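Student: One-letter residues, chain by chain:
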Amino acid sequence: MKNSIKVERAKKDMTQGELAEQTGVSRQTINAIEAGKFVPSTLLALKIARVFGAPVEAIFELEEGD
Amino acid sequence: MPHCFTKTVDSYESANVNLTAQNNGTATWALVSLVAWLASRIYLMEFDYPKPLGYSIALLTLVPFLVFLFRFFKAVRSVDELERQVQLEALALAFPLTVLGLLLLSLLQMVAPLNAENWSYRHLLPMVFIAYLFGLMLAKRRYGLSETAAEND
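Heads up: the protein sequence lines correspond to chains L and Y, in order.
Mapping of the first sequence onto this note's numbering: residues 1 to 66, in sequence order.
Mapping of the second sequence onto this note's numbering: residues 1001 to 1153, in sequence order.
Pulled out of the complex, with its shape left as it was, chain Y reads as follows (with noise of 0.2 Å):
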């Protein structure tokens, strides 16, 4: 195989390793993001606490999810026009469906008295993901990606 072939596949491969692996750190950030609020939560309900700690906890929280907000973007930036596409896509009905998930509750509260603990607008957190990750299914599936067929050559 020529050398500059090689060089180029080399670094075409160091470029998708690179990429995995900033995938893989915003994948880790998200998971952080997560404990993090999870854990803030339940020191919140269940321990007592200063007011100021309780505000700190608050928006401590808030840092390993600006992480990976930042290192989200990054990626969405690092990949290919195919794959920001397929990220427009589920944002595009993750946000709505948030949105309406919101207009929903807000009118419902208005008709009926809702329990926080049963249902809130904590509540809507899961179903943002559940959204995102169902308009990642579809737009995959759109374009072909969730395909696991052998290459078509």
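Looking at chain L on its own, in the form it has when it is part of the complex (with noise of 0.2 Å):
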């Protein structure tokens, strides 16, 4: 699953540590989703797209073989 995190980031001009503050995790679970390494929990995932103001599908895209 590939996501649009650092580009929603940049756009909002927003550190990692930052989203991770506001999502409730670490700044090491938020690079590791970033880096597609790990595929967060629907909880997770939502609350990303809170911070961002977007629609979970907009943050999160399926890939082939998902």
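In case anyone wonders, no lab produced these hints; they're calculated from the structure.
Remember, it's a predicted structure, so these values are computed and weren't measured experimentally.
Do not rely on the hints blindly, as some may be mistaken.
Derived pair list, reagent style DSS-like, types lysine-lysine, alpha-carbon separation capped at 27 Å [what the hints assert, rightly or not]:
1. L:Lys12 with L:Lys47
2. L:Lys11 with L:Lys37
3. L:Lys2 with L:Lys12
4. Y:Lys1140 with L:Lys37
5. L:Lys47 with L:Lys2
6. Y:Lys1140 with Y:Lys1051
7. L:Lys47 with L:Lys6
8. L:Lys47 with L:Lys37
9. Y:Lys1140 with L:Lys2
10. Y:Lys1051 with L:Lys6
11. L:Lys37 with Y:Lys1074
12. L:Lys12 with L:Lys37
13. L:Lys2 with L:Lys37
14. L:Lys11 with L:Lys47
15. L:Lys6 with L:Lys37
16. L:Lys47 with Y:Lys1140
17. L:Lys47 with Y:Lys1074
A few chain L residues that don't get close to chain Y, going by computed Cβ distances all over 12 Å [what the hints assert, rightly or not]:
18. Glu34
19. Ala35
20. Phe38
21. Ala49
22. Arg50
23. Glu57
24. Leu62
25. Glu63
26. Glu64
Partial list, derived from the structure: chain L residues whose beta carbon lies under 7 Å from chain Y [stated by the list, open to error]:
27. Lys2
28. Asn3
29. Val25
30. Thr29
31. Gly36
32. Ser41
33. Thr42
Where a beta carbon is used, it is the ideal one built from N, C-alpha and C, also for glycine.
Starting from two chains that each stand alone, build the complex the way the hints lay out.
Tutor: This is how it looks when you write it as structure tokens:
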């Protein structure tokens, strides 16, 4: 699953730490999600989408083989 | 910096401090459990004692371990989902490896009498921790938690 967290963060000039703080997880977790190493739970994906004010499908997208 | 942001950051940092303190408490109780087990083992091996005292010492050794278990569960439940996944993968490796070791030992004991002093079930104990730490290392590497690189912003 790919995501556009990095792009959305850049738009809002937000650091990984700030996003982590707003979603209640560690910066390492945001880093792992952003790098595509970890797929977040539905709850965390919704929280991330809410921070960016976008629907979850705009942030996370299924890839071939998912 | 706006007050509301400062407050949020403060509460997050406070939560992190609490979590670290909780994890430190878990590590302390793991150490206490180990020391209690070693002390009991040395006493039971080296000294003469009445059987009721021996049973009491063996059972009392479980108390710090039960405290450790309680704190470990509490710590795992309080961490975020990535750290929980890492712990799950570490335990998912340690548990089957331990079972494998027990199965192998039970079969080998049928083939040849194994000396309890040189090779017995209690020798599997350090292997459990080694397997757990190995699993932890693999999982952390998989999710990039072992990297100490600066924030990738």
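Student: Classify the label on L:Glu63 as holds or violated, using whether its beta-carbon is more than 12 Å from each beta-carbon of chain Y.
Tutor: Per Cβ check, L:Glu63 is outside 12 Å of chain Y; nearest 19 Å; holds.
Student: Tell me if the straight-line CA distance from L:Lys37 to Y:Lys1074 falls inside 27 Å.
Tutor: 26 Å, holds
Student: Please settle this one: L:Glu57 was flagged as non-interface, so is its CB more than 12 Å from every CB on chain Y?
Tutor: 20 Å, holds
Student: Keeping to a limit of 27 Å between CA atoms, is the pair of L:Lys6 and L:Lys37 held or broken?
Tutor: Given pair L:Lys6, L:Lys37 holds - Cα atoms ~14 Å apart, limit 27 Å.
Student: Under the criterion of a CB-CB separation shorter than 7 Å, is L:Thr42 in contact with chain Y as hinted?
Tutor: Given a least distance of 11 Å, the restraint on L:Thr42 is violated.
Student: Are the Cα positions of Y:Lys1140 and L:Lys37 separated by 27 Å at most?
Tutor: Status holds; Cα separation ~11 Å.
Student: Minimum C-beta separation from L:Glu34 to chain Y exceeding 12 Å: can you confirm that?
Tutor: Label violated. Min Cβ-Cβ 8 Å, cutoff 12 Å.
Student: Minimum C-beta separation from L:Phe38 to chain Y exceeding 12 Å: can you confirm that?
Tutor: The claim is violated: L:Phe38 sits with its nearest Cβ about 5 Å from chain Y, within 12 Å.
Student: Return the status of the interface hint for L:Asn3: holds when the least beta-carbon distance to chain Y is below 7 Å, violated otherwise.
Tutor: 14 Å, violated
Student: Does the structure keep L:Lys2 and L:Lys12 at a Cα separation of 27 Å or less?
Tutor: Holds: L:Lys2 and L:Lys12 sit about 19 Å apart, inside 27 Å.
Student: Hey, Y:Lys1140 versus Y:Lys1051, does the alpha-carbon distance stay inside 27 Å?
Tutor: 46 Å, violated
Student: Over 12 Å from every CB of chain Y: does L:Arg50 meet that, or does the non-interface label fail?
Tutor: 15 Å, holds
In the structure shown, a violation is registered for the earlier hints numbered 6, 10, 18, 19, 20, 27, 28, 31 and 33, in ascending order.
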